[in-house]
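First to last, the sequence lines map onto chains Y and U.
Every letter in the first sequence is one number past the one before it in the working numbering, and letter 60, counting from 1, is 60.
Every letter in the second sequence is one number past the one before it in the working numbering, and letter 4, counting from 1, is 4.
Keep in mind that the hints were calculated from the coordinates and are not lab data.
Beta carbons are placed, not taken as given, at the ideal position from N, Cα and C, and that holds for glycine.
Treat the hints with caution; some may be incorrect.
To be verified - Derived DEER-like restraints, expressed as beta-carbon distance ranges: (1) U:34 with Y:32: 42 to 50 Å; (2) Y:111 with U:257: 42 to 50 Å; (3) U:207 with Y:114: 57 to 65 Å; (4) Y:68 with U:249: 29 to 37 Å.
To be verified - According to the in silico footprint, chain Y covers these stretches of chain U (three or more CB under 8 Å from chain Y): (5) 16-22; (6) 25-39; (7) 49-56; (8) 255-269.
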Amino acid sequence: MTDTPPAIVVDRLVKVYQSGTAVAGISFALPVGSVTGLLGGNGAGKTTTIAMIMGLVTPTSGAVAVLGAEMPRQRYRVLHRMNFESPYVEMPMRLTVRQNLTVFARLYGVDGIPDRLRELADDLDLGDFLDRQTGKLSAGQKTRVALAKALLNRPEVLLLDEPTASLDPDTADWVRSHLERYRVARGATVLLASHNMGEVERLCERVIIMKRGRIEDDDTPAALLARYGRETLEEVFLDVARGRQNLEAAQ
Amino acid sequence: MSARGGTAPGISAYRIAAMVERYWYLLRSSWPRLLEIIYWPAVQMLTWGFLQLYVAQTDSFFARAGGTFIGAVLLWDILFRGQLGFSVSFLEEMWSRNLANLMMSPLRPAEFIAALMIMSVVRLLIGMIPVSLLAIAFFGFNLYGLGLALAAFFANLILTSWAVGIFVSGLVLRNGLGAENLAWTIMFIFLPLACVYYPVSVLPPFLQYVAWALPPTYVFEGMRALLIEHVFRADLMLQAFALNVVFFAAGALAFLRLLDSARRNGSLLQTGE
Numbered sequence: 001m002t003d004t005p006p007a008i009v010v011d012r013l014v015k016v017y018q019s020g021t022a023v024a025g026i027s028f029a030l031p032v033g034s035v036t037g038l039l040g041g042n043g044a045g046k047t048t049t050i051a052m053i054m055g056l057v058t059p060t061s062g063a064v065a066v067l068g069a070e071m072p073r074q075r076y077r078v079l080h081r082m083n084f085e086s087p088y089v090e091m092p093m094r095l096t097v098r099q100n101l102t103v104f105a106r107l108y109g110v111d112g113i114p115d116r117l118r119e120l121a122d123d124l125d126l127g128d129f130l131d132r133q134t135g136k137l138s139a140g141q142k143t144r145v146a147l148a149k150a151l152l153n154r155p156e157v158l159l160l161d162e163p164t165a166s167l168d169p170d171t172a173d174w175v176r177s178h179l180e181r182y183r184v185a186r187g188a189t190v191l192l193a194s195h196n197m198g199e200v201e202r203l204c205e206r207v208i209i210m211k212r213g214r215i216e217d218d219d220t221p222a223a224l225l226a227r228y229g230r231e232t233l234e235e236v237f238l239d240v241a242r243g244r245q246n247l248e249a250a251q
Numbered sequence: 001m002s003a004r005g006g007t008a009p010g011i012s013a014y015r016i017a018a019m020v021e022r023y024w025y026l027l028r029s030s031w032p033r034l035l036e037i038i039y040w041p042a043v044q045m046l047t048w049g050f051l052q053l054y055v056a057q058t059d060s061f062f063a064r065a066g067g068t069f070i071g072a073v074l075l076w077d078i079l080f081r082g083q084l085g086f087s088v089s090f091l092e093e094m095w096s097r098n099l100a101n102l103m104m105s106p107l108r109p110a111e112f113i114a115a116l117m118i119m120s121v122v123r124l125l126i127g128m129i130p131v132s133l134l135a136i137a138f139f140g141f142n143l144y145g146l147g148l149a150l151a152a153f154f155a156n157l158i159l160t161s162w163a164v165g166i167f168v169s170g171l172v173l174r175n176g177l178g179a180e181n182l183a184w185t186i187m188f189i190f191l192p193l194a195c196v197y198y199p200v201s202v203l204p205p206f207l208q209y210v211a212w213a214l215p216p217t218y219v220f221e222g223m224r225a226l227l228i229e230h231v232f233r234a235d236l237m238l239q240a241f242a243l244n245v246v247f248f249a250a251g252a253l254a255f256l257r258l259l260d261s262a263r264r265n266g267s268l269l270q271t272g273e
């Protein structure tokens, strides 16, 4: 057994906005090299949780540590070792893909930028549109560019907020395959927030289900399926979302 | 200041240069935007220049005080365009929904601000150099003839413009694009109070106190002293600089407080209206 500290530690994390409580005291720890899915309906608190892990949102109480650094206070110790991708964050549309990626590569202190861009262009099949304006790309192409940005600095911790939202099944499958390959090759820790149960089932070895800011369940996909007596994670998710696990427990 | 990005522990010139490069790419990608930077200062300068010509024909004071209107317009544009150049570069991040990408990157707030300051000077020079050459061609007014005084005027005006730009950016960061209009209009409060086109003595006494609390007032008074009395008032420039230090520190502090507040209320995730 190794004593490697977890890559991400979330301890009794609370976030209260003026509009209400987004995250209500959650705790978990993600071991180095693990892939964890964060499941939950709209307003479950997934995005706020990820934002607090990234240091974009300050917790009301509780603590987050990433690679040993307390977030957001010590974020500059580790931001160059992390990255994220979300379809809700875009890159400047009038810049070409190459220009956008070059700027981010410089911000992250990537060595040998032209070589790294060539490598990513090959890996993610960006070659055809590397010199096209980012705003003129299709949704699938934009996702690949966002993924390239997220992988530019070969992050040890990768945070993904619905990485395949609005993609066609073929492109989504392609993105998942690439993430799987990256995780295996780099031993990266991945936290993935998603509505797509198939995606979570395929990529994640652990699933945390959130509802109204709380963790409703936390286990491996197989254990969750067994516990709820279901065939798919989607059915488990619906059970949790509609409170059926509580009903059954009461009966 | 360290030279490399990413892992650099302190302020990194490399990351600042990356941001400047990013804004430069943006600027050169759109010729209408480049044209817009020159267009309005040119229109302003021509309008006030011709008005000055007309007034000088009928009034001996203005005949002596050659160039005060054109000089005031050009210096006002340094103040106004300096702030606008800063704020527009910042707003580009909001418009393109790129802010979270930057805030999640190793880029420090101080590096972000430094890049915006550099871009405000770049945008200013793109606009001002052609317009100042037009002023020579049309009215024989040579801004560069002010010599070292111009450097003092420029330094003080650009410092004020940055202080205001930093403060407004903080407001937009905290309140979203609903606060965008402030970026376009806030500087106009300086137009009557900093006495751009007339001396401070014109104002009612209570407003004179307000005027002397604003760094640009000293610059415009200094410009009139130079053009009318042919005296360079170093004392005014030093007072303006002292006030600018206070303005800049207050702007930077407000920005950091507003950024902290934006992190607390989740505004960095929702940068729209």
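Cross-check of the supplied hints:
1. U:34 with Y:32: 42 to 50 Å: Since residue 34 (chain U) and residue 32 (chain Y) have Cβ atoms about 49 Å apart, the given range 42 to 50 Å holds.
2. Y:111 with U:257: 42 to 50 Å: Violated - the Cβ-Cβ distance for residue 111 (chain Y) and residue 257 (chain U), about 36 Å, lies outside 42 to 50 Å.
3. U:207 with Y:114: 57 to 65 Å: Hint holds: Cβ distance 59 Å, inside 57 to 65 Å.
4. Y:68 with U:249: 29 to 37 Å: Given range 29 to 37 Å: holds, Cβ gap about 34 Å.
5. 16-22: Answer holds; 5 residues pass the 8 Å Cβ test.
6. 25-39: holds (count 4)
7. 49-56: violated (count 0)
8. 255-269: holds (count 7)
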